[in-house]
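Enquirer: Working from the sequences, and respecting the hints, build out all of it.
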Amino acid sequence: MTATAPVREAQPAVPGSDIKLGLTLYSLTSEWAAGRYDLAGLLDVVEQAGIGPGIEIVASQTIRTYPAVTGEFVRDWREAFDRHGFVPSSFGCNLDMGRRRDRDMTLDEEYEFTVTQFRSASALGFPLVRIQSAKPELIRRLLPVAEELDLTMAWELHAPLGPNSSKVLEIRETYAELDSPRLGFVADFSATMHAMSPTILRKLAKMGLGREELDRLQEIWATDADINARHGEFVEYLHSRGIAPESLGSFARLAFNMHGHVDPAEWADIMPQIKHVHAKFYDIDEHGDEPAIDYPAIVREFVRGGYAGFFSSEWEGHAFADLDEADPVDLVQKQHDLIRRSLRAALSDDFTDKDA
Amino acid sequence: MATGDTVLTDDSLIRRPEGLGIALTVPWYRSLWLSSVSDIAVTVEGRAIPKDDLRVELGERTFRVDELADQWDVLWFIQDRLVVVVPLDEPPAAGRPVDVEVSVELRLPYMQIAPQKYVTNHASNRRSLVAQEGAGR
Numbered sequence: 001m002t003a004t005a006p007v008r009e010a011q012p013a014v015p016g017s018d019i020k021l022g023l024t025l026y027s028l029t030s031e032w033a034a035g036r037y038d039l040a041g042l043l044d045v046v047e048q049a050g051i052g053p054g055i056e057i058v059a060s061q062t063i064r065t066y067p068a069v070t071g072e073f074v075r076d077w078r079e080a081f082d083r084h085g086f087v088p089s090s091f092g093c094n095l096d097m098g099r100r101r102d103r104d105m106t107l108d109e110e111y112e113f114t115v116t117q118f119r120s121a122s123a124l125g126f127p128l129v130r131i132q133s134a135k136p137e138l139i140r141r142l143l144p145v146a147e148e149l150d151l152t153m154a155w156e157l158h159a160p161l162g163p164n165s166s167k168v169l170e171i172r173e174t175y176a177e178l179d180s181p182r183l184g185f186v187a188d189f190s191a192t193m194h195a196m197s198p199t200i201l202r203k204l205a206k207m208g209l210g211r212e213e214l215d216r217l218q219e220i221w222a223t224d225a226d227i228n229a230r231h232g233e234f235v236e237y238l239h240s241r242g243i244a245p246e247s248l249g250s251f252a253r254l255a256f257n258m259h260g261h262v263d264p265a266e267w268a269d270i271m272p273q274i275k276h277v278h279a280k281f282y283d284i285d286e287h288g289d290e291p292a293i294d295y296p297a298i299v300r301e302f303v304r305g306g307y308a309g310f311f312s313s314e315w316e317g318h319a320f321a322d323l324d325e326a327d328p329v330d331l332v333q334k335q336h337d338l339i340r341r342s343l344r345a346a347l348s349d350d351f352t353d354k355d356a
Numbered sequence: 001m002a003t004g005d006t007v008l009t010d011d012s013l014i015r016r017p018e019g020l021g022i023a024l025t026v027p028w029y030r031s032l033w034l035s036s037v038s039d040i041a042v043t044v045e046g047r048a049i050p051k052d053d054l055r056v057e058l059g060e061r062t063f064r065v066d067e068l069a070d071q072w073d074v075l076w077f078i079q080d081r082l083v084v085v086v087p088l089d090e091p092p093a094a095g096r097p098v099d100v101e102v103s104v105e106l107r108l109p110y111m112q113i114a115p116q117k118y119v120t121n122h123a124s125n126r127r128s129l130v131a132q133e134g135a136g137r
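If you read the protein sequences in the order shown, they are chains H and X.
Start counting the first sequence at 1; every next residue gets the next number (the numbering used here).
Start counting the second sequence at 1; every next residue gets the next number (the numbering used here).
One should not assume that every hint holds.
What the hints assert, rightly or not - Cβ pair distances, simulated, as ranges:
no., chain 1, residue 1, chain 2, residue 2, range
1, X, 11, H, 206, 20 to 30 Å
2, H, 269, X, 50, 52 to 62 Å
3, X, 50, H, 324, 32 to 42 Å
4, X, 105, H, 349, 47 to 57 Å
5, X, 11, H, 144, 25 to 35 Å
6, X, 120, H, 38, 27 to 37 Å
7, H, 206, X, 95, 22 to 32 Å
8, H, 108, X, 105, 27 to 37 Å
9, X, 64, H, 104, 17 to 27 Å
10, H, 206, X, 45, 18 to 28 Å
11, H, 138, X, 90, 36 to 46 Å
12, H, 287, X, 90, 54 to 64 Å
13, H, 239, X, 73, 38 to 48 Å
14, H, 138, X, 45, 44 to 54 Å
Hint data in this document are derived by calculation from the structure and do not stem from the laboratory.
We treat Cβ as the ideally placed atom computed from N, Cα and C, and that holds for glycine.
Expert: Put into structure tokens, the structure is as follows:
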């Protein structure tokens, strides 16, 4: 194992803020999958574009020897981070409990599979692991490993759920029982969108939906029924229009489970437990705004709540857009500008509030 | 094509001594265990190729489609290509486009719905592509 290097600190996004910028390499999934870059090349692009310094990965996407890392990978990684001045932010774990066809993983296997990733995260210098299962008996067993490796475990809160969904309330209860500062959440802004992203609407139009069908989709999306009910209603509507839902592949369902419309004010309910942020976005319009996610409003919540940590830019347009339809690097640059602008506005509001 | 529905790329077709090699990308955003591949179906020039005739290569290893489900320890890394070898009586003529359709069914091992039940993804691409000269194995 490599000796622990001195921890590098990322500078605040704007002076006076506790929020730092960076991205998840997942934003460049399409280019990565197409083989345009090796890891060194990808990190070079990030530095040239100035969209660090916080670097997050989805381990199952970035590491060829997933869930483990080789000594050679760790060496190359640490050298690249030193050269670029990057700071590891979050290591995205997956729990592949269904990798075998004859049975699901046992609890012991879930534990072992996750511990391997925790050790990889630690070797690469990450302070935080994104986890996908908050099963109490698993969390309880993992906690001493997190202590040993000095890791924070953060369960990802993503659309269609919000901070007060029943599943999340259960996790909050588990956290309250275990009462450890090492447990928290990754807040993904997909939970708090005010509209469907134009990117998925464009994709669905390409797959054959007309204006009327897209309008109806957005109406159903905006209701408060759970995602199965909303998806079901939309499928029924498609049938009534003579459209086979299968013609849309998985995209009709993704429209509901990748876009949530919880009020951004709800983030305040779990703010002290938010350890990392996926600054989800799909597009930046000609005014520099994200058309479906109200960054100024969300950033204000995080500033008021005293969040200190990374906003890790997660461009997920590649789930709907073709390779080269958009340039994720350019979009992340513009989104960083949007975050900085929102932060300045929120900080000056805050100052005015305190002054009054 | 987006992350979840891309199987074929411009350079997917390879001329092989046995016929045709079709290089597939993972139709998902991450690497997957080969056991996540539930099925692969191939049609060449409108003719569905019997599954038993297909061979699937990952690096130096070769599998039949129905052997993939057991490969829970073999990772299909997202930057690697899974090459489906289709035996043809006559390999495609140089420079002539070939009409191929490939469907891949995935079971996503980290997205459990219920015990032993997982979210699936179906990706199907049909394209007319010119086969590149392959180096064989």
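Enquirer: Against each hint, give a clear statement of whether it holds in the structure.
Expert: Hints, verified against the model:
At roughly 23 Å, the beta-carbon separation of residue 11 of chain X and residue 206 of chain H lies within the given 20 to 30 Å, and the hint holds. For the pair residue 269 of chain H and residue 50 of chain X, the beta carbons lie near 57 Å from each other, so the given range of 52 to 62 Å is met. Distance hint for residue 50 of chain X and residue 324 of chain H: a CB-CB separation of about 36 Å, consistent with the stated range 32 to 42 Å. At about 51 Å, the beta-carbon gap between residue 105 of chain X and residue 349 of chain H stays in the expected band of 47 to 57 Å.
Between residue 11 of chain X and residue 144 of chain H the Cβ separation comes to about 49 Å, which falls outside the hinted range of 25 to 35 Å. The hinted range of 27 to 37 Å is satisfied by residue 120 of chain X and residue 38 of chain H, whose Cβ atoms lie roughly 31 Å apart. At about 30 Å, the CB distance of residue 206 of chain H to residue 95 of chain X agrees with the hint of 22 to 32 Å. At about 30 Å, the beta-carbon gap between residue 108 of chain H and residue 105 of chain X stays in the expected band of 27 to 37 Å.
As the Cβ distance of residue 64 of chain X to residue 104 of chain H is approximately 25 Å, the hint placing it in 17 to 27 Å holds. A hinted range of 18 to 28 Å holds for the C-beta pair residue 206 of chain H and residue 45 of chain X, which are about 26 Å apart. Taking 36 to 46 Å as the suggested C-beta distance range, the pair residue 138 of chain H and residue 90 of chain X does not conform, at roughly 56 Å. Remark: the range hint 54 to 64 Å for residue 287 of chain H to residue 90 of chain X is upheld by a beta-carbon distance near 58 Å.
Here the CB-CB span from residue 239 of chain H to residue 73 of chain X is close to 42 Å, well matched to the stated 38 to 48 Å. Separated by about 51 Å at the C-beta atoms, residue 138 of chain H and residue 45 of chain X satisfy the suggested range of 44 to 54 Å.
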